[in-house]
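Each of the two chains sits in its own frame; use the hints to bring them together as a complex.
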Amino acid sequence: SQQGEEDPQALSIQEGENATMNCSYKTSINNLQWYRQNSGRGLVHLILIRSNEREKHSGRLRVTLDTSKKSSSLLITASRAADTASYFCATDATGGADGLTFGKGTHLIIQP
Amino acid sequence: NAGVTQTPKFRVLKTGQSMTLLCAQDMNHEYMYWYRQDPGMGLRLIHYSVGEGTTAKGEVPDGYNVSRLKKQNFLLGLESAAPSQTSVYFCASSYSTSGWYTDTQYFGPGTRLTVL
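Quick note, the sequences are listed as chains A and B, same order.
So for the first sequence, the numbering used here puts the first residue at 20; every next one is plus one.
So for the second sequence, the numbering used here puts the first residue at 3; every next one is plus one.
Isolated chain B, as found in the complex (with noise of 0.2 Å):
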């Protein structure tokens, strides 16, 4: 099993762009999620999914657009990159029993964003 993969790695930006992060599991997991981590900070929710089709905002969601159309992946869209947007971003997988609480999570190995 691959686990959680991203593309690209790595990707500079300059300021108006856009371009979309991907994520992919294999491992049959209904829930998704991408956070963003920034110097010094711990990471923050800015999208999840908690099934096909499904997506809702996190706690920093401005800026950014993200879609679910199979299970396996989840896509992260930056429509105008801004610098504020410059950071790194996991992709992360959970499986969960009944839905009311998020179990273990499952990372990927992040994408180093810059944007000039």
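With the rest of the complex left out, here is chain A (with noise of 0.2 Å):
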């Protein structure tokens, strides 16, 4: 079953403007790990972020993390058009390094 789900399923945008994307995650997680999925390519990480940690930053790219509310959010600033791509929210679920549970992913279009 889906782990995560992302939303919005969809998101066009001019560029420049800042895209965010949600993800919701069902049951307690060791960390949350965001990838980028170009058409027809392998998934790229991108972020993890740990159970105890509330953000983290990389280059344009913002993270947050809300255990409380099992819900993650990926902030892309400056958007490119490089930036199109699908994107992806994993959740490891505690126990063991057991494998990643994967959400349906946010598909950005940036449009120049």
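Treat the hints as calculated values from the structure; they're not laboratory data.
Hints should not be assumed to be uniformly reliable.
Anything over 10 Å on all C-beta distances counts as not near chain A; from chain B, calculated [what the hints assert, rightly or not]:
no.	residue
1	SER20
2	LEU24
3	GLN74
Here are a few chain A residues that face chain B, going by a calculated C-beta distance under 7 Å [to be verified]:
no.	residue
4	SER70
5	LEU80
6	ALA104
7	PHE107
8	GLY118
9	LEU119
10	LYS123
A virtual CB, placed ideally from N, CA and C, is assigned to each residue, including glycine.
Take a look at the structure:
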């Protein structure tokens, strides 16, 4: 079953604007990870945030985690055409290194 | 470093045929995973391995078998392919310091499999 659910399913914005994607999950986690997938390609890791962290930054990316609400958000600032991709949140449930549970993803389109 | 590689990139099978997908990583990672991705869906875990010689079932293991004879390789087998196994298959590897959590995963480019 899907643990993480992204919202919105699709997002189209103008280049230079900020893009925000949300993720909700159901069970306790060790960490939550965000990945990017360009069309027809494999997934690329963006950020990992641990359950005891509330916010993390990496370049133009900002991730927040609220374990009380079982939710996370990914903010991409000053978007570029190259940011066009699908973005997935993935959760590592407590209990061991037994893989990630992925949401269905948000498809982001950056209009030039 | 090549990272994670997958062979083949594309394959078409007829129902009932068998095949093996090969995943190789050169990062000396202990952990390796096989996922499948269906249209409009996220990835779902098929099987995984926490070390050479060990494998375990994931969320959707039925119809698949795996083997990890060497640390750098993780094989996914379909004994009797079915149309429901038409999907894109991704292999991933990761390094975990404790074994208590799944760390950053490094993905291969995927194998697109069609079963007619």
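So, going through the hints one by one against the coordinates:
no.	hint	in the structure
1	SER20	holds, 25 Å
2	LEU24	holds, 15 Å
3	GLN74	holds, 18 Å
4	SER70	violated, 9 Å
5	LEU80	violated, 14 Å
6	ALA104	violated, 14 Å
7	PHE107	holds, 6 Å
8	GLY118	holds, 4 Å
9	LEU119	holds, 6 Å
10	LYS123	holds, 5 Å
Violated hints, in rising order: 4, 5 and 6; the structure is consistent with all others.
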